[in-house]
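Undergrad: One-letter residues, chain by chain:
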Amino acid sequence: MQPYIKHTSIAALMDRSNVDTDQIIPKNFMKKVERTGFGINLFHNWRYLADNITPNPEFELNKPAFQGAKILVTGENFGCGSSREHAPWAIADYGFNTIISTSFADIFHSNCFKNSILPIVVTAEQLAELMAEIASNEGVEFTIDLAEQKVTTPGGIVINFEVDAFRKESLLEGLDDIGWTLTHESKITEFEAANKKKLPWLWPSA
Amino acid sequence: MTKTMYEKIWDANLVHEPESGSPLLFVDRHLMHEVTSPQAFEGLRLQNRGVRNVHSILGTIDHCVPTKDRYNIVDAIAKKQVETMTSNCDENDINLFGMDSDQNGVIHIIVPEHGFVHPGMVVCCGDSHTATHGAFGALAFGIGTSEVEHIMATQTLQQKKAKTMLVKVEGQLPAYSTAKDIALAIIAKTGTAGGTGYVMEFAGSAITDLSMEGRMTLCNMAIEAGARAGLVAPDQSTYDYLEGREFAPKGEHWKQAVAHWESMKTDEGAVFDETIVLRAEDIAPQVSWGTSPEQVISVTGSVPAPTDFDNDVKAQACASALKYMDLKAGQKITDINVDIVFVGSCTNGRIEDFRATAEIIKGKKVATGVQAIAVPGSFPVKVQAEKEGLDKIFLEAGWEWRDPGCSMCLAMNGDELKDGQRSASTSNRNFEGRQGKGGRTHLVSPAMAGAASIAGHFVDIRDWK
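Quick mapping for you: the protein sequence lines, in order, are chains A and B.
Read in the numbering used here, the first sequence has 25 at position 25, and its numbers run on one by one without any break.
Read in the numbering used here, the second sequence has 248 at position 42, and its numbers run on one by one without any break.
Please note that a few of the clues may not be correct.
Unchecked claim - Facing chain A, according to a computed beta carbon distance under 7 Å, are these residues of chain B, among others:
#1 Val221
#2 Gln287
#3 Arg640
To be verified - Simulated crosslink set (DSS-like; lysine-lysine; CA at most 25 Å straight-line):
#4 A/Lys196 <-> B/Lys214
#5 A/Lys168 <-> B/Lys367
#6 B/Lys471 <-> B/Lys367
#7 B/Lys461 <-> A/Lys197
#8 B/Lys274 <-> B/Lys643
The hints are simulated quantities; they were obtained by calculation from the structure and are not laboratory data.
Since this is a predicted model, take the numbers as computed values, not measurements.
C-beta atoms are modelled at their ideal positions from N, C-alpha and C, and glycine is treated no differently.
So that you can see chain A by itself, here it is in the shape it has in the complex (with noise of 0.2 Å):
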């Protein structure tokens, strides 16, 4: 995984809740056996004219000034629906690397760590605060400093945002999860050999 490294980028503002991964990422698009290649069809339904080439100069996302962000700003219980992780797939093959919002579904959220993307949660105010002065200057850059865990912005705005420590480590050196739990694989193998004896019906039978 990428290692997640301070930066200042481009905010863009997607004022909606409740965005789905359907929304996200259209099931048709779910098809492919790789990871990559999915940035094309990010908010497929929304950013592009029923042609599905013609970018909708509507969709918020297709502004001039929002082109190159790498942070999203958005409403409340983003990324609910489905488990598909093709929806931070999509986001991070697109170029976003955050995603700023007042809550995310749960899985999805999960899922973002999984991919060098860092979901923030702020309050309401916050949001609504960052959201104004997207709105007031678009493209506006925003800095993201994860070790710090602070969001600062040229408005003056200062944030100091909460993050799982241990996620946020895998964050900053780009850990590998599965090499991570692998350091305890002796404490999955006693696990294994206790359960053995206590549920031998869920174990094949030697």
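Could you slot chain B onto chain A? The hints should help.
TA: Below, chain B alone, put in the same frame as chain A:
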């Protein structure tokens, strides 16, 4: 100290809780389908890692399968996905109920049919509707593909402990109200984020009165309330359902297993972080009117207006849903016409669901201009329904009787709504475009779907003649 069922399962499956890092939770059963697994197998291959406990996995092919002419997968990319699933399972010796199996069907339908999930287990699948298996008192939840790979390699997950919510439904459901209506009524109350961070335990007489099929329908939709999982305590109904099935404990083990399962139930007096209560008598048949499963109302109601909500976000969501759904505030639910009716999915694709629809449509004809599709959740469901003569009832009423698959629940297999078409659907999500770009979905129970197919619009089945 008293504990909830969730806390007992957590404690029993906690492998290790290092001082720094993440707790590791042991995964007893791992379910798999073609859409969310190929990248996980690829990840294992790239790292030269193997599958740790092959016996813990059960796979199927369900999302991309055509329900007519099932081997003719027109989309080359989907075809490759199906072939990849088959070869990945072959190479790793994984038990797959594939295209050629007479046991093939939707993952959350076939797993219970084989008794693969038991009370007290931790069960995962790269699919949010894994919550279904909470019906058996198993902690079952959806995961992403990276976690599918993690489980294959380590048999564990890095997990954070959830909070607990007791959802109590006491009393007796009105006639024709079902588990689906309970689920929708709960989501209408909590909202789609109300359960975020929680594991819900459903309890109360209206829940214990449900069949196992009904409990599966209810737990299936726990994710639609944002919950990580839903649980129902195991009881005699659970044991009667499991006994004798392929992967259920046998002989001496059966008694030991039942004793173990009994011990996993929530203790008397255990404290939940949150409790919500519904009265079963208040739950009339429900119909969703919007583009989120929380946008639901009784069939006796009318489409709400943005001004009916005191919360700005909900008011805005209402306005945008009315536009997408092409509905007007104040319109009676029973005045909404439908083009397509779909009975099936991991929510309502079980034998009891087809019986409920058949009872309503028997001897009647589908309304002019309406297309009605029945998609059994698995071949065993289909065979059972045909044994009972249900297929004839559907066909004589003008319905299509198809082969199993996820079908129009998420429309990956070519069964989909066209732009502007409106459905009455027994599935679980009414998101924009879920059943096809521009399609408009109304979530209902199988009986309500049956009535809509005959009338051409929603009807209160309590008045059905």
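Undergrad: A separate judgement is required for each hint: does it hold in the structure or not?
TA: Hints versus structure:
1. Val221: Hint holds; valine 221 of chain B Cβ to chain A Cβ min 4 Å, cut 7 Å.
2. Gln287: holds (5 Å)
3. Arg640: Nearest chain A Cβ about 5 Å off; hint holds.
4. A/Lys196 <-> B/Lys214: Between lysine 196 of chain A and lysine 214 of chain B the Cα gap is close to 18 Å, so the pair holds against 25 Å.
5. A/Lys168 <-> B/Lys367: Satisfied, since the Cα-Cα distance of roughly 18 Å is no more than 25 Å.
6. B/Lys471 <-> B/Lys367: The given pair, whose Cα atoms are some 18 Å apart, holds under the 25 Å limit.
7. B/Lys461 <-> A/Lys197: Holds: lysine 461 of chain B and lysine 197 of chain A sit about 15 Å apart, inside 25 Å.
8. B/Lys274 <-> B/Lys643: This hinted pair holds, its Cα atoms lying about 21 Å apart.
In terms of the numbered hints stated before, the structure departs from none.
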